[in-house]
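Protein chains in written order, with the numbering used here: chain W, 3 to 63; chain U, 3 to 63; chain C, 3 to 63; chain L, 3 to 63; chain A, 3 to 63; chain Y, 3 to 63.
In short, the hints are calculated from the structure, not lab data. Fair warning: there could be bad hints in the mix.
Said to hold, decoys possible - If you want a taste of the chain Y side facing chain W, the calculated C-beta under 8 Å gives, among others:
id	residue
1	M3
2	G10
3	V55
What the hints assert, rightly or not - Derived list of chain L stretches under chain A, where covered just means 3 residues or more per stretch with a C-beta under 8 Å from a C-beta of chain A:
id	stretch
4	9 to 18
5	23 to 37
What the hints assert, rightly or not - With a straight-line Cα cutoff of 25 Å, these simulated DSS-like cross-link-like pairs (lysine-lysine) come out:
id	chain 1	residue 1	chain 2	residue 2
6	W	K12	U	K46
7	U	K46	U	K19
8	W	K46	W	K12
9	C	K46	U	K46
10	U	K46	U	K12
11	Y	K46	Y	K12
12	A	K12	Y	K19
13	A	K19	A	K40
14	L	K40	L	K18
15	U	K12	L	K12
16	L	K40	L	K19
17	C	K40	Y	K46
18	L	K46	L	K12
19	W	K19	Y	K19
20	A	K18	L	K40
21	A	K40	Y	K18
Quick reminder that beta carbons are idealized off the backbone N, C-alpha and C, glycines included.
Spelled out, the chains give:
Number of protein chains: 6
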Amino acid sequence: MPIISVEGPKVTDVEKKRRFAQDLSRAAARYYDMPIEKIILLVKENEPENVSVGGQLIADL
Amino acid sequence: MPIISVEGPKVTDVEKKRRFAQDLSRAAARYYDMPIEKIILLVKENEPENVSVGGQLIADL
Amino acid sequence: MPIISVEGPKVTDVEKKRRFAQDLSRAAARYYDMPIEKIILLVKENEPENVSVGGQLIADL
Amino acid sequence: MPIISVEGPKVTDVEKKRRFAQDLSRAAARYYDMPIEKIILLVKENEPENVSVGGQLIADL
Amino acid sequence: MPIISVEGPKVTDVEKKRRFAQDLSRAAARYYDMPIEKIILLVKENEPENVSVGGQLIADL
Amino acid sequence: MPIISVEGPKVTDVEKKRRFAQDLSRAAARYYDMPIEKIILLVKENEPENVSVGGQLIADL
Chain W
3 MPIISVEGPK VTDVEKKRRF AQDLSRAAAR YYDMPIEKII LLVKENEPEN
53 VSVGGQLIAD L
Chain U
3 MPIISVEGPK VTDVEKKRRF AQDLSRAAAR YYDMPIEKII LLVKENEPEN
53 VSVGGQLIAD L
Chain C
3 MPIISVEGPK VTDVEKKRRF AQDLSRAAAR YYDMPIEKII LLVKENEPEN
53 VSVGGQLIAD L
Chain L
3 MPIISVEGPK VTDVEKKRRF AQDLSRAAAR YYDMPIEKII LLVKENEPEN
53 VSVGGQLIAD L
Chain A
3 MPIISVEGPK VTDVEKKRRF AQDLSRAAAR YYDMPIEKII LLVKENEPEN
53 VSVGGQLIAD L
Chain Y
3 MPIISVEGPK VTDVEKKRRF AQDLSRAAAR YYDMPIEKII LLVKENEPEN
53 VSVGGQLIAD L
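Just chain W, same shape as in the assembly (with noise of 0.2 Å):
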């Protein structure tokens, strides 16, 4: 039952979203060494203007 949570910009690619699932649950499964069904991951995506890094939000660079 580990769980990733990744939170980042939109990406509106659904099969670059089936290869991140696998890689980041695959590297979850060796490190935990538990079998992969045990691993979920949460993606959650960003509008930029609820981001900011250095105090700037990112809608604005």
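With chain W held as given, fit chains U, C, L, A and Y onto it using these hints.
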């Protein structure tokens, strides 16, 4: 000020949300031995293409 | 695979944790209309100097 | 790389977001004694039917 | 009930925590146009072997 | 500035952490099409009495 966050699929029935909020908040008030007014709940609803179990997107199951 | 996370003060009574895990997981199984086996709970325990309400550390109240 | 996450209701005024990002990031840079460029902020906006206080949905208050 | 969570390295000076809690909570009260009493802050302190930037553990930098 | 958070049991082997950080960060850099330097990872380690699956504490399994 205990905070409960729940990640899961979208539920559209607001009546179910009302009951869920009651159930979780009462359980937390009992557990922490605090008045229920102190309990905060956040429900997060995820798209099936943004969640995977065992490396497989929920959208693909 | 719904995931419940709870943030609150430390509770040392494991029997209370057992009941809390049961209460929350049953409520979530009902809400999501899923078998209880799918429900994951994480309890996070915070030091009173690392939590504030209204700008005041819990440790100072 | 300190990360600030804020959960609250939606705010549509982007100028307020700019100032909020500045205020939080400066406070974190001072607290951690790091350059402001290292501070990341995520603002999460929740629907009133997905938040409860004391077991009552915000949407019902 | 807005909630601010901060992830960063451990800070042992409680006086700095007091000021940080004040700074963040005031900024959030202004942003959300709510009384400061509604603002909750959680500070999370991470070990340098449990954080990486660019694939490198902070403990190795 | 994508952020990966992982919740799971404690792993004491730092060499495994190094590899895990590399694996996850590379996968995220590829997914987001960003330089790996932008990827932040937080590993959270939970006590078995603070996690439950299906309403059962991991500590009781």
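Violated hints, by number in ascending order, as checked against the structure:
The structure breaks only hint 21.
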